[in-house]
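There are 2 protein chains.
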Amino acid sequence: MMKKVILITAVMMMCNMASAQFRRGPQAEPPPEGFKPASTNTFISQYPAVNAETRQAMFKVLAPHAQIVQVDLAGKKYDMTKDEKGFWTCISDPQVVGFHYYAIRIDSVAVMDRGTEAFFGSNWESSGIEIPEGPEGDYYRFNKEIPHGQIRSVDYWSEVNGMERPVNVYVPAEYEQRPDKKYPVLYLVHGWGEDENGWSVQGHMANIMDGLIAAGRAVPMIVVMPSGDIKTNADVREASGNITDIYIKDLVPFIDKTFRTVTDREHRAMAGLSRGGFQTCLTVLNNMDKFAWMGTFSGFFMRSNEGIENAFNGAFKDADSFNKQMNLLFISTGTEERNPRESVEALKKHGIKNIIFHESQGTAHEWLTWRRALNDFAPRLFQ
Amino acid sequence: MMKKVILITAVMMMCNMASAQFRRGPQAEPPPEGFKPASTNTFISQYPAVNAETRQAMFKVLAPHAQIVQVDLAGKKYDMTKDEKGFWTCISDPQVVGFHYYAIRIDSVAVMDRGTEAFFGSNWESSGIEIPEGPEGDYYRFNKEIPHGQIRSVDYWSEVNGMERPVNVYVPAEYEQRPDKKYPVLYLVHGWGEDENGWSVQGHMANIMDGLIAAGRAVPMIVVMPSGDIKTNADVREASGNITDIYIKDLVPFIDKTFRTVTDREHRAMAGLSRGGFQTCLTVLNNMDKFAWMGTFSGFFMRSNEGIENAFNGAFKDADSFNKQMNLLFISTGTEERNPRESVEALKKHGIKNIIFHESQGTAHEWLTWRRALNDFAPRLFQ
Chain A
1 MMKKVILITA VMMMCNMASA QFRRGPQAEP PPEGFKPAST NTFISQYPAV
51 NAETRQAMFK VLAPHAQIVQ VDLAGKKYDM TKDEKGFWTC ISDPQVVGFH
101 YYAIRIDSVA VMDRGTEAFF GSNWESSGIE IPEGPEGDYY RFNKEIPHGQ
151 IRSVDYWSEV NGMERPVNVY VPAEYEQRPD KKYPVLYLVH GWGEDENGWS
201 VQGHMANIMD GLIAAGRAVP MIVVMPSGDI KTNADVREAS GNITDIYIKD
251 LVPFIDKTFR TVTDREHRAM AGLSRGGFQT CLTVLNNMDK FAWMGTFSGF
301 FMRSNEGIEN AFNGAFKDAD SFNKQMNLLF ISTGTEERNP RESVEALKKH
351 GIKNIIFHES QGTAHEWLTW RRALNDFAPR LFQ
Chain B
384 MMKKVILITA VMMMCNMASA QFRRGPQAEP PPEGFKPAST NTFISQYPAV
434 NAETRQAMFK VLAPHAQIVQ VDLAGKKYDM TKDEKGFWTC ISDPQVVGFH
484 YYAIRIDSVA VMDRGTEAFF GSNWESSGIE IPEGPEGDYY RFNKEIPHGQ
534 IRSVDYWSEV NGMERPVNVY VPAEYEQRPD KKYPVLYLVH GWGEDENGWS
584 VQGHMANIMD GLIAAGRAVP MIVVMPSGDI KTNADVREAS GNITDIYIKD
634 LVPFIDKTFR TVTDREHRAM AGLSRGGFQT CLTVLNNMDK FAWMGTFSGF
684 FMRSNEGIEN AFNGAFKDAD SFNKQMNLLF ISTGTEERNP RESVEALKKH
734 GIKNIIFHES QGTAHEWLTW RRALNDFAPR LFQ
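Sequence order for the protein chains is A and B.
First residue of the first sequence? That's 1 in my numbering, and the numbers climb one at a time after it.
First residue of the second sequence? That's 384 in my numbering, and the numbers climb one at a time after it.
Derived from the structure by calculation, the hints contain no laboratory data.
Note that the coordinates shown come from a computational prediction; the quantities given were computed from them, not determined experimentally.
Take the hints with a grain of salt, since some may be wrong.
Claimed, not checked - Straight-line distance between alpha carbons at most 27 Å, and here's what the computed BS3-like set of lysine-lysine pairs gives:
#  : chain 1 : residue 1 : chain 2 : residue 2
1  : A       : K324      : A       : K349
2  : B       : K460      : A       : K85
3  : A       : K182      : B       : K640
4  : B       : K707      : B       : K565
5  : B       : K564      : A       : K257
6  : B       : K565      : A       : K182
7  : A       : K257      : A       : K290
8  : A       : K181      : A       : K290
9  : B       : K564      : B       : K527
10 : B       : K640      : A       : K181
Between the sequences and the hints, there should be enough to build the whole structure, so can you do that?
What follows is the structure, given as structure tokens:
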């Protein structure tokens with residue numbers, strides 16, 4: 001009697017309840033020979049698909065009632081063509097290895113391709129695609145043979161900002177096993193329109209750091225990845241410099257209180273990409289009592305109306321003084337983007353030492369440039 | 384002479400380089416009186432906006448060339464109306480407090496509203512909106528007056544799955560300060576089509592646990608939030624039961640090796656929502672030597688062709704034996720969704736004890752139901 005009391009066809013019903021409004025229509029055909037789903041796809045998505053040999057990406061979008069559908073990738077718009085089921089398709093030119101943001105344009109509205117995970121860039125959640133290549137990726141892929149650090153997501157309270165702010169903190173694999181050891185800290189900032197997840201998700205920084213540390217090439221260190229933007233506070237956001245206040249007054253004390261850090265300037269570094277590189281200059285060069293190492297990846301700029309002597313409140317003016325304080329000024333770029341080589345040469349002529357200039361061959365303002373930069377930069381720190 | 388060598392108008396250029404392809408068109412007017420940008424928006428988005436008093440949401444989308452634009456929210460499609468600039472607008476019915484997934488439909492294609500952050504649900508990245516209300520939210524909002532735990536993102540290697548798998552691990556605030564202490568563990572699983580971030584992002588579980596622990600209501604514990612789905616491995620994904628193998632053979636040993644856990648069954652619990660609640664039943668009821676506490680939130684189902692005695696391989700058949708092993712069988716639901724009350728009564732009549740049945744008033748298959756469930760469930764564990 002009791003046996004039939006409980007009646008539900010179980011799992012499928014739960015699926016339907018949750019998903020009815022987002023149900024997909026007809027399923028697309030599997031990708032053609034040579035193309036595989038990108039590693040950046042959500043786990044049930046066949047598209048976009050990548051041809052590892054040609055480094056081309058194939059896109060497919062179901063939009064039976066749309067008039068024009070395009071893919072907007074790496075500065076080029078590709079017109080898609082529609083089949084009888086309502087799927088739109090195109091194949092891209094060969095892409096640089098690494099990660100690229102892209103958008104689908106449906107009747108001129110740029111939206112996410114719902115086949116990929118979301119990657120925060122340009123101030124909104126974007127589609128992304130990872131273009132694989134054999135040996136290049138070894139240093140940024142997950143390696144199951146070595147110990148792994150952890151990325152810790154925490155909120156800290158910012159008095160400057162008047163609200164909690166998110167930060168991701170990488171701790172090296174040995175951190176848990178050595179409760180008495182203190183570690184140096186690298187502050188590592190994302191680019192314009194990205195957030196605190198940029199380095200850990202798009203940049204694969206944990207894989208890079210795990211590999212460098214396991215190989216004995218980099219000192220075990222804590223890497224702090226804050227949000228370089230200022231949520232919901234438009235007044236403060238306008239003044240890019242104020243992010244420095246948040247870092248110096250709120251974030252650094254929080255990190256030193258919460259993690260086992262060495263707190264002197266010799267054990268604190270900062271680096272960033274693009275706008276984060278510029279924020280690094282603003283922050284470090286105005287607080288050299290707190291940092292002894294710095295890196296600016298595709299982000300070294302001086303204001304056009306200043307010379308070396310006046311740039312960054314005169315930080316470079318007295319070259320000897322700068323040289324005594326700064327153990328490393330790492331400046332990097334991709335060869336296919338604006339190149340700060342002249343600035344670097346000018347700084348050297350001015351007497352600034354300890355400069356490392358790193359060029360990523362064949363890459364532009366994109367994540368492969370920055371993965372390579374981090375891989376070259378991190379081993380130079382704290383030793 | 385040297386002074387003018389270095390010339391770039393700095394930050395704006397970097398912005399343009401990164402964002403040109405995703406540049407937005409005309410900006411929308413600020414929300415009307417009574418409406419404020421939702422807390423789930425990206426930090427520069429004015430829309431969607433929420434009226435806290437009426438609990439209505441206002442949406443706005445720029446799509447000058449689209450024919451039909453709709454909002455698909457909580458099972459209802461709202462037609463939007465277009466203004467002369469090409470912005471489409473609508474205002475929703477009053478919504479339940481808490482988090483809701485939604486989609487924008489542009490000429491019948493369901494896409495993300497690019498004004499919000501992305502929330503993984505229904506197997507893709509969705510828009511989401513948080514509806515605020517005063518006292519209700521106290522337990523799941525960030526409280527700057529209390530200590531905060533950390534959420535750690537790590538990958539572990541799964542032999543069962545043949546690849547690395549992501550897992551988020553919450554450790555309580557005191558974990559860092561007490562390196563000799565070991566902690567009990569709650570495994571906490573998301574719902575169908577969500578991922579390992581569901582509980583920490585949509586569920587605000589860290590705020591809930593921080594509050595319960597700070598108030599002395601819950602024992603400090605580690606909370607492990609795995610991905611309950613199986614990426615890129617369609618064969619395995621089909622068989623929902625196989626997730627149990629991943630948990631038991633790969634995940635639990637990894638957690639016990641990597642974190643300071645108490646490893647006996649009395650200090651290990653599992654719970655989940657919707658499909659995760661069903662996975663909890665499959666996992667715990669077939670491995671009672673490993674778990675002594677369990678919770679199933681909107682996810683308690685028995686197959687229709689089984690009775691109590693046969694359900695879950697006969698786990699309930701011998702009520703005395705079950706009662707001796709299981710300290711807590713927590714079953715919860717929202718009052719506005721399918722209610723397992725009859726099943727609970729049947730289990731009680733069959734002699735199953737230590738059942739707690741929790742009903743969330745006025746909520747359906749949605750996150751407020753599950754935030755409330757966790758808040759009621761966690762204090763009952765390990766004491």
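Do the hints match the structure? See the list:
no. : hint              : in the structure
1   : A:K324 <-> A:K349 : holds (17 Å)
2   : B:K460 <-> A:K85  : holds (24 Å)
3   : A:K182 <-> B:K640 : holds (22 Å)
4   : B:K707 <-> B:K565 : holds (25 Å)
5   : B:K564 <-> A:K257 : holds (20 Å)
6   : B:K565 <-> A:K182 : holds (22 Å)
7   : A:K257 <-> A:K290 : holds (16 Å)
8   : A:K181 <-> A:K290 : holds (21 Å)
9   : B:K564 <-> B:K527 : holds (25 Å)
10  : B:K640 <-> A:K181 : holds (20 Å)
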